[in-house]
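All chains should be built: construct the whole structure from the sequences, respecting the hints.
Protein sequence lines, in the order shown, are assigned to chains A and S. Residue numbers for the first sequence follow my numbering, beginning at 426 and rising by one. Residue numbers for the second sequence follow my numbering, beginning at 661 and rising by one.
Honestly, the hints are just simulated from the structure, not real lab data. A portion of the hints provided could be inaccurate.
Okay, derived cross-link-like pairs now, SDA-like style, lysine to any residue, Cα gap no bigger than 20 Å in a straight line [claimed, not checked]:
#	chain 1	residue 1	chain 2	residue 2
1	A	Lys505	S	Asn802
2	S	Lys846	A	Gln559
3	S	Lys852	A	Glu554
4	A	Lys552	S	Gly861
5	A	Lys552	S	Lys852
6	S	Lys846	A	Val558
7	A	Lys505	S	Pro808
8	S	Lys1050	S	Ile974
9	A	Lys505	S	Tyr800
10	A	Lys477	S	His877
11	A	Lys477	S	Arg867
12	A	Lys552	S	Arg867
13	A	Lys505	S	Val696
14	S	Lys1085	S	Pro808
15	A	Lys552	S	Leu857
16	A	Lys505	S	Arg804
17	S	Lys846	A	Asp562
18	S	Lys846	A	Pro555
19	A	Lys552	S	Arg851
20	A	Lys552	S	His877
21	S	Lys852	A	Leu548
22	A	Lys505	S	Lys1050
23	A	Lys552	S	Thr853
24	A	Lys505	S	Gly805
25	S	Lys846	A	Glu554
26	S	Lys846	A	Asp557
27	A	Lys477	S	Ile881
28	S	Lys1085	S	Phe933
29	A	Lys505	S	Arg811
30	A	Lys505	S	Leu806
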Amino acid sequence: MSRVASLYTMCPDAAAAERTVDALLSAGARREDITVISSEPFDRYEFGQHEKSRFMPWLVVLGAILGGTAGFLLVSLTTKSYPIVTGGMPITPGWITGIITYELTMLAAILTTLLVLLLTAPLFRWKQEPYDVQVADGKVLVGINPQGDLPDKVKEVLKVCEDGAGGGIER
Amino acid sequence: MTTTPDQIKHDLINHDVINHDLLRPVGQASARFFLVVAMLGLVVLAGFSAWGYQLYSGIGVAGIRRPVFWGFYITNFVFWIGISHAGTLISAILRLANAGWRRPVTRCAEVITVFALCIGAMFPVIHLGRPWVAFWLVPYPNERGLWPNYRSPLVWDFFAINTYLIGSITFLILPIIPDFALCRDKFSGWRKTFYGLLALGWRGTQRQWHRLETAMHIMAIVIIPVAVSVHTIVSWDFAMTPVPMWHSTIFAPYFVAGAIFSGIAALIVAMVFLRRFLHLEEYLPSVCFENLGKLLLLMSLLWVYFVFAERLTIWYGNQPAEVAVLWLTQKGPYRYLFWIMVACNFGIPFPLLAIKKLRTITGTCIASITVVVGMWLERYLIIVPSLSRKFLPYAWGTYRPTWVEITITAATFAGMALLYVMFAKLVPIISIWELKVGMREASESMPSVVAVSKARPTVSERSEHETVGFKNSHRVGKP
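Here's what the structure looks like:
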């Protein structure tokens, strides 16, 4: 057993990355410790399936509802602030309240989508490891960030990755 | 090491070539680029000078007079908001339809939306007599104790345009983030730092890809009704007013259709120039122009349908004030502009787009340029004749634009081109990662072809392959 911060290998394609991930799992690595980095999404591969989120659309719906409520309150409350006697007639009718409510519902949905993406992707973490610029050339990085000690067998798996020239790089 | 079929497919997508071709315009700036920027910049400067002159002298230096209070400025406002429908709306529809040929097109289109919206939204401000109080449209607690009048369609415009602008910027920026990361990895020096900051720490983990794709999907769903609402509300600026030929229920769908029509035309023109001057012939294949040309043809027919339906109803209704405006445009002093508009929006584009032999890149480009001209004239003809001939003779008048309005109008076209050129110099104008996904899916859909072509194909061969792939992109897994 040896202690490392992160360890990765470069695979030539997604299929090789998939095999490497399977081998890592068989060697005793935990799935949540494995990172696969690529220059394009690989939806159909097993290693990508575990990162799918089902909560994102619901958060957006929640944001939209809040935005719509804010829009409704904005129109209804501000028009009531005018000291005008209208004999019970609304200054801003329902049709118009609907337009503003609609626009703010959509605006809130857009902003919530952006916010959820930034927070959950997550972005704004500039110095995260592992990373290798070869990803830009189409290689797929398979890395491991072990929380505890790393079994030696896992390191062996990374070294025999199909890339040949790559091998595991210790950080 | 043995070569597996997966690797052969992977090699078909030559990342080096794609990266090189699409990052080349970003990394280099020729003398021609600076010349173009200088020329466009001069026109934009002239426009700002004209606006400065108007601010100094007062709105009277523009040609707008009672009763024609809306002239070139509002024409430009409606026109540019219409052009903005090129990008986000079309891109969102194509994304949701999973049209494979959209991949090289989407970013070119989304950029148009953002810049056209920025330019369009300037015009109500330019049109104001006191533009420095434009912020009164913003609903915020203030010392005046006043809130915007929500019953005014201009306030609806404020909300709709801002929502669309924020949505469009988000829709544009999200898929650029991975390309910024690519630029970070491929460039050195200050560019590496610059793009590193813009990449927001993107690495390309599977979680990031999933979140990005989910966000893009949600945005595509949300942005379509927003886009429709924007031009609907712009049409209500007119339709809510009891002015001859404005107070009509057909205006909302008519405006939305017109916006998409002019938007597609602007997109085609932009793509032709990009293809020619950035040497992107292999990445913007003719199939993109072919398909956009078909869409343009459809919108041309829809436009004719709306114009006919609107005018027939007014003619048959025979309301004196409305019929007067109708004949003003068809037989009166505006007749030349009207028939030029019909020729530009239907007469010329229809044969060019309907006849397959003529629907070439050149053909669609000519048709698109005429449509852009025709749609600007349409906006002008909606606004000016109706205002110049209202219900009572005391409210009749004429409109003649001044040099200030003409200069500002010319500057907006130059400004649009300038922003587009600058953007193409800073950001890959084609979404590189989406293109690679498209090529990979295309290669996966043709296993038999891939299996026999072990030798790496040339770029032009890949382009052909890609073109076929785009056409068959829905047939993943089938030979």
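So, going through the hints one by one against the coordinates:
1. Lys505/A to Asn802/S: Holds: Lys505/A and Asn802/S sit about 16 Å apart, inside 20 Å.
2. Lys846/S to Gln559/A: Satisfied, since the Cα-Cα distance of roughly 10 Å is no more than 20 Å.
3. Lys852/S to Glu554/A: holds (18 Å)
4. Lys552/A to Gly861/S: Within the cut-off at roughly 7 Å; holds.
5. Lys552/A to Lys852/S: holds (14 Å)
6. Lys846/S to Val558/A: holds (8 Å)
7. Lys505/A to Pro808/S: Status holds; Cα separation ~13 Å.
8. Lys1050/S to Ile974/S: Cα-Cα ~15 Å, so holds.
9. Lys505/A to Tyr800/S: holds (15 Å)
10. Lys477/A to His877/S: holds (13 Å)
11. Lys477/A to Arg867/S: With a Cα-Cα distance of about 7 Å, the restraint between Lys477/A and Arg867/S holds, given a limit of 20 Å.
12. Lys552/A to Arg867/S: holds (17 Å)
13. Lys505/A to Val696/S: Since the Cα atoms of Lys505/A and Val696/S sit roughly 54 Å apart, the hinted pair is violated (cutoff 20 Å).
14. Lys1085/S to Pro808/S: violated (40 Å)
15. Lys552/A to Leu857/S: Since the Cα atoms of Lys552/A and Leu857/S sit roughly 11 Å apart, the hinted pair holds (cutoff 20 Å).
16. Lys505/A to Arg804/S: holds (16 Å)
17. Lys846/S to Asp562/A: Since the Cα atoms of Lys846/S and Asp562/A sit roughly 9 Å apart, the hinted pair holds (cutoff 20 Å).
18. Lys846/S to Pro555/A: holds (18 Å)
19. Lys552/A to Arg851/S: holds (18 Å)
20. Lys552/A to His877/S: violated (28 Å)
21. Lys852/S to Leu548/A: Distance ~18 Å between Lys852/S and Leu548/A Cα, so the pair holds.
22. Lys505/A to Lys1050/S: violated (36 Å)
23. Lys552/A to Thr853/S: holds (13 Å)
24. Lys505/A to Gly805/S: holds (12 Å)
25. Lys846/S to Glu554/A: Roughly 18 Å between the alpha carbons, so the hint for Lys846/S and Glu554/A holds.
26. Lys846/S to Asp557/A: Roughly 12 Å separates the two Cα atoms, so the pair holds.
27. Lys477/A to Ile881/S: Roughly 19 Å between the alpha carbons, so the hint for Lys477/A and Ile881/S holds.
28. Lys1085/S to Phe933/S: It holds: about 14 Å lies between the C-alpha atoms, which stays within 20 Å.
29. Lys505/A to Arg811/S: holds (14 Å)
30. Lys505/A to Leu806/S: At roughly 11 Å apart (the allowed maximum being 20 Å), Leu806/S and Lys505/A satisfy the hint.
Figure legend: structure checked against the earlier numbered hints; hints not met, in rising order: 13, 14, 20, 22.
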